[in-house]
Amino acid sequence: MPINHDHKTANALEIQGVGRRFGGFWAVKDVSLSVRPGERRAVLGPNGAGKTTLFNVLTGDLAASAGTIRMDGADVTQTPMHKRIKGGLRRTYQHAHLFDGLTVRETLFLAVSSVAGGWQRFMPLKPSDGAIGKAESLAQMSGLCSDLGREVANLSHGQRRQLEIGMALAENPKMLLLDEPAAGLSPSERPRLAELLLSLPKDITIVLIEHDMDIALRTSDSVSVLHNGRLLAEGSPENIMSNEAVHDVYMGGAHGH
Amino acid sequence: MKSALFLLPFALVPFFANDFWLVQIFGRALILGIIALSLTFLAAYLGVVSFAQATMAGVAGYTVAYFGPNTVDVGREMPFFVVLPLAMIMATLSGAIIGLIARRSQGIYAIMITLAIGVAFFYFTRQNYNYFNGWTGFSGIRAPEIAGTSLREPLPFYLLIILVSALCLLFVNGFIKSPLGLTIQAVRDAPKRVLAIGIPTTPVIVSAYAFAGFIAGSGGILNVWYQERISSFSVGLGPIVDILVIAVIGGLKNPIGAFIGALAFVLLDTFAVDFIDRERFNTLIGLVLLAIIMGAPDGLHGLAKSWLSRFKKRPSENQV
Amino acid sequence: MFTNLKTITMTSALALGAFAAPASAEDIKIGVISILEGAFAALGQDGIRGVELAVAEAGGEVAGNEIEVIVMSSDASPDSAVNAARKLIEQDGVDIIVGPLSGSEGLALRDLSKSFPAVTFLNGSSAAQDTTLRDASDNFFRFGGDGAQWMVGVGSFAHDDLGYEKVAVVAEDYSFPYTQVLGFMTEFCAAGGTVPEKFWTPIGAKDYSSIVYSIPSDVDAVFVALGGADAVNFLTQYNQAGGDKPIIGGSITIDQSILDSEGPFKQQLIGAPAGTPTVSDYDGAEWKEFTASYTGQFPDGFSAPSIFAHHYYMSAHAAILALEEVNGDLSGDQAAFRAALTDLEFVTPTGGTMRLDENRNGIVDNFVTEVFEREDGTLGNRVVKVVRDVDQSLGQDPAAFLAQGPVSRDNPSCP
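Chains as they are written, first to last, in the numbering used here: chain A, 1 to 257; chain B, 1001 to 1320; chain C, 2001 to 2415.
No wet-lab data here; the hints were simulated from the structure.
For each residue, glycine too, the CB sits at the ideal point set by N, CA and C.
Any given hint could turn out to be false.
[To be verified] List of simulated lysine-lysine pairs, DSBU-like, C-alpha gap at most 35 Å:
1) B/K1192 - B/K1305
2) A/K29 - A/K86
3) C/K2166 - C/K2245
4) C/K2198 - C/K2029
5) C/K2266 - C/K2245
6) A/K174 - A/K83
7) B/K1192 - A/K202
8) C/K2166 - C/K2114
9) B/K1305 - B/K1253
10) B/K1305 - B/K1177
11) B/K1253 - A/K174
12) A/K126 - B/K1192
13) B/K1192 - A/K29
14) A/K134 - A/K83
15) C/K2206 - C/K2266
16) A/K126 - A/K29
17) C/K2029 - C/K2288
18) A/K83 - B/K1192
19) A/K174 - A/K202
20) C/K2206 - C/K2245
21) B/K1305 - A/K174
22) A/K86 - A/K174
23) B/K1177 - A/K86
24) C/K2198 - C/K2166
25) B/K1177 - A/K126
26) B/K1192 - A/K134
27) A/K134 - B/K1177
28) A/K126 - B/K1305
29) B/K1177 - A/K83
30) A/K86 - B/K1305
31) B/K1192 - B/K1253
32) B/K1192 - A/K86
33) B/K1253 - B/K1177
34) A/K134 - A/K29
35) B/K1177 - A/K174
[As the list claims (entries may be wrong)] Here are the in silico distance ranges between beta carbons for each label pair:
36) C/G2377 - B/R1076: 55 to 61 Å
37) B/I1089 - A/C145: 29 to 35 Å
38) B/G1107 - A/A183: 27 to 33 Å
39) C/P2299 - B/S1003: 51 to 57 Å
40) B/Q1106 - A/C145: 45 to 51 Å
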């Protein structure tokens, strides 16, 4: 594995001058960020600010058009997605495409064995399989204990979000990229999600895109604001709340729809 | 386990049926059911309708014909305990190759590409003389003898067919609960997401097709023993469509559907000509098939299930 | 709804299975296998008429035993013919099978007949040579000829009467055309002619341009053994490319439907000879009688019996004659009945004397026809020569004929 771990000195995530171009249009341009190990970072910005594109570049879904990405000190700019996953990176998706025909247990089992290996086995699973035990503890962490046997198609929207997070937690991730985990949740489901995020192990670095200011500010240590593909501001939640430029841009966009 | 019990009534047939009903109706239905099962498997768990299942069965059949006893002076004879594993390997391999070619295709495109492969194979067998003996194909193919009894004798043959059918059902039901089987279903539901959790989809799709080839191959071996011959006709458009019709009328959602559909198909195919003016018996077959498809979009199995569930007043939530 | 229907079908199926009793000893059951689906359906139907005509002429009974006819359809594939035969034998308990229609099916039923020694198989119109010539079956009879017999007379007519010395062959790539080519070449080569090139094309080919341009320019004629749409496509493309060699036809190449179709290639066909065992408007007395009987029985049939009605009729007629001879006695694995079949002689609708050789293959009449233009400008086939007593060895010593080996793309050869 090409990723070189140097926990003491390196930031969990360090990007410099990262950009992504579609034709002549830069969706993300010249963004530099550093995130400490264990930090909770919220990425805010109006629609079209380039947040999800930035995530896609971080995970390797999209190649970076410019700049470098380092994780735990190692340059992963050219590393394919599945190797970044092996290195401890996980993400959730804004629009949850889940395996509707499988049960919660089976889905989490696949999430575990995709990283730990073993998905290629073609003999029937034994209940005592180690990966099943891990899947069940993931369900515990994501609050889906009582839904292990349910088909994913029958889950509520909030439960699908929880399952997303449960999948991302498989095999001790180092860093989670959460893309709008609260999107589409009802007001009553939101506090529960915030609690789930706060309950996640403190050694996991989390970068979070979120429109819901309450959740974003409550669960994060620091905030980066993107606008038109560029970094507009960075700081503690309190600083950002009082930043006028952010106010102009972000409040106009976020509550405009 | 449960679904293999469905075959229990078939196991009772030898007690009251004559040889014709035993082999020509129930035996043939089960054989076609096995081949259709491979299609149902792909449709239900990979979400792809394949037209190449008769082709995979044909690969196994041709292997048995080429390396087994035949009367056309083509091929070289080898002992059956070598030929049978070889035929299964060839069928599995053919499934894998077809899967590799069709791996990026879905829906109508998967249908087109598998159909093209099936038709290409048909023409290939018709024009190749060294391995397939062209138009004429192979005749005089005999099932092996064990302890002096030919496996093609009605009762042993029928019991063998039941055994293989049950094994195939068990294989399918076990396989879909295996990690690879679950991954196949995950590819069906959200292929991009499978990639996103770090599993490449090509080997998953290829192995699903290969497994379908394995199932189709076991049906193909029985079929060539049943027909005692194989030629380009056996892998032509007729059998290709028959298998599809069987799978669709049986229901594409559950493996058992393939066997129900096959029994309905064989009964119609054999007796429709007795029931109606012979100039119009194909119309009758067509109308019945149409009625099944319109009246039961989920096939006969789906229809039976919805009828059963009306009698059982059990909340469906408990069925996990 | 269908669950109930299915249950009923299942139950009745099981009941039928349980009570499937052998047929009443008094009745004689004849199973007929013909192609009643797809492109051949209309012709296959005419084969059935041939059997029904023979039964009707016998008054529906033999020596007080009623004759029951049970029909099964095949789809031209050997598998379906075998399935149909098994159903007729094992379920319906037939004593005699008449059929099938096409060559590959005939070979399949010949193989199957060895597994059912208690049933007598009488070929329908299938004309593969090896059905009776090689690996023959004791209970398989063909009161008709094979594809080579159907070409007898044409080779010598082409060489001696038309003066052709060199002929190229264009034929479909399967057993029936091989046999037709053999029938033509056996005579033509023996008379001193040569066949420098043979072109084999897949059935259903659409583009013949590579063949059209490969036909040597120094040949005197082209022997075309293609059927249906293939013949039309080839002849059209050959004509359009400026091909002007005279045509010689196989038994199914120049039928009335081709003569009735539109296209400049038709002019090229005038005078083209062909070989066939059946000429619908033959003016022999026996044929006129046969045609009258046919049209009287089937007002909605064709205007005259087709090759299929003719051949199915001969087989069913032979079966009835032999049954009459043994008073309907089919006991002892039909031994007496088969002896009677083997020794049978009767006058055919074409006026010849039908009898069998030692392989139970018919010694038959054959026609050489030619295309002519009627006064109204339409085209027809007329008889130029009748050849009687054509045997399967085409007049050669049977052992020498067999020694030439099975027909194939390369056998026979006289470049």
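We went through each hint and held it up to the structure:
no.: 1; hint: B/K1192 - B/K1305; in the structure: 33 Å, holds
no.: 2; hint: A/K29 - A/K86; in the structure: 27 Å, holds
no.: 3; hint: C/K2166 - C/K2245; in the structure: 11 Å, holds
no.: 4; hint: C/K2198 - C/K2029; in the structure: 45 Å, violated
no.: 5; hint: C/K2266 - C/K2245; in the structure: 13 Å, holds
no.: 6; hint: A/K174 - A/K83; in the structure: 13 Å, holds
no.: 7; hint: B/K1192 - A/K202; in the structure: 30 Å, holds
no.: 8; hint: C/K2166 - C/K2114; in the structure: 43 Å, violated
no.: 9; hint: B/K1305 - B/K1253; in the structure: 11 Å, holds
no.: 10; hint: B/K1305 - B/K1177; in the structure: 22 Å, holds
no.: 11; hint: B/K1253 - A/K174; in the structure: 40 Å, violated
no.: 12; hint: A/K126 - B/K1192; in the structure: 28 Å, holds
no.: 13; hint: B/K1192 - A/K29; in the structure: 26 Å, holds
no.: 14; hint: A/K134 - A/K83; in the structure: 21 Å, holds
no.: 15; hint: C/K2206 - C/K2266; in the structure: 19 Å, holds
no.: 16; hint: A/K126 - A/K29; in the structure: 50 Å, violated
no.: 17; hint: C/K2029 - C/K2288; in the structure: 30 Å, holds
no.: 18; hint: A/K83 - B/K1192; in the structure: 16 Å, holds
no.: 19; hint: A/K174 - A/K202; in the structure: 10 Å, holds
no.: 20; hint: C/K2206 - C/K2245; in the structure: 21 Å, holds
no.: 21; hint: B/K1305 - A/K174; in the structure: 47 Å, violated
no.: 22; hint: A/K86 - A/K174; in the structure: 10 Å, holds
no.: 23; hint: B/K1177 - A/K86; in the structure: 25 Å, holds
no.: 24; hint: C/K2198 - C/K2166; in the structure: 12 Å, holds
no.: 25; hint: B/K1177 - A/K126; in the structure: 10 Å, holds
no.: 26; hint: B/K1192 - A/K134; in the structure: 24 Å, holds
no.: 27; hint: A/K134 - B/K1177; in the structure: 17 Å, holds
no.: 28; hint: A/K126 - B/K1305; in the structure: 29 Å, holds
no.: 29; hint: B/K1177 - A/K83; in the structure: 27 Å, holds
no.: 30; hint: A/K86 - B/K1305; in the structure: 44 Å, violated
no.: 31; hint: B/K1192 - B/K1253; in the structure: 23 Å, holds
no.: 32; hint: B/K1192 - A/K86; in the structure: 18 Å, holds
no.: 33; hint: B/K1253 - B/K1177; in the structure: 16 Å, holds
no.: 34; hint: A/K134 - A/K29; in the structure: 40 Å, violated
no.: 35; hint: B/K1177 - A/K174; in the structure: 30 Å, holds
no.: 36; hint: C/G2377 - B/R1076: 55 to 61 Å; in the structure: 60 Å, holds
no.: 37; hint: B/I1089 - A/C145: 29 to 35 Å; in the structure: 45 Å, violated
no.: 38; hint: B/G1107 - A/A183: 27 to 33 Å; in the structure: 29 Å, holds
no.: 39; hint: C/P2299 - B/S1003: 51 to 57 Å; in the structure: 56 Å, holds
no.: 40; hint: B/Q1106 - A/C145: 45 to 51 Å; in the structure: 35 Å, violated
Violation of the numbered hints given earlier is confined to hints 4, 8, 11, 16, 21, 30, 34, 37 and 40; the remaining hints are satisfied by the structure.
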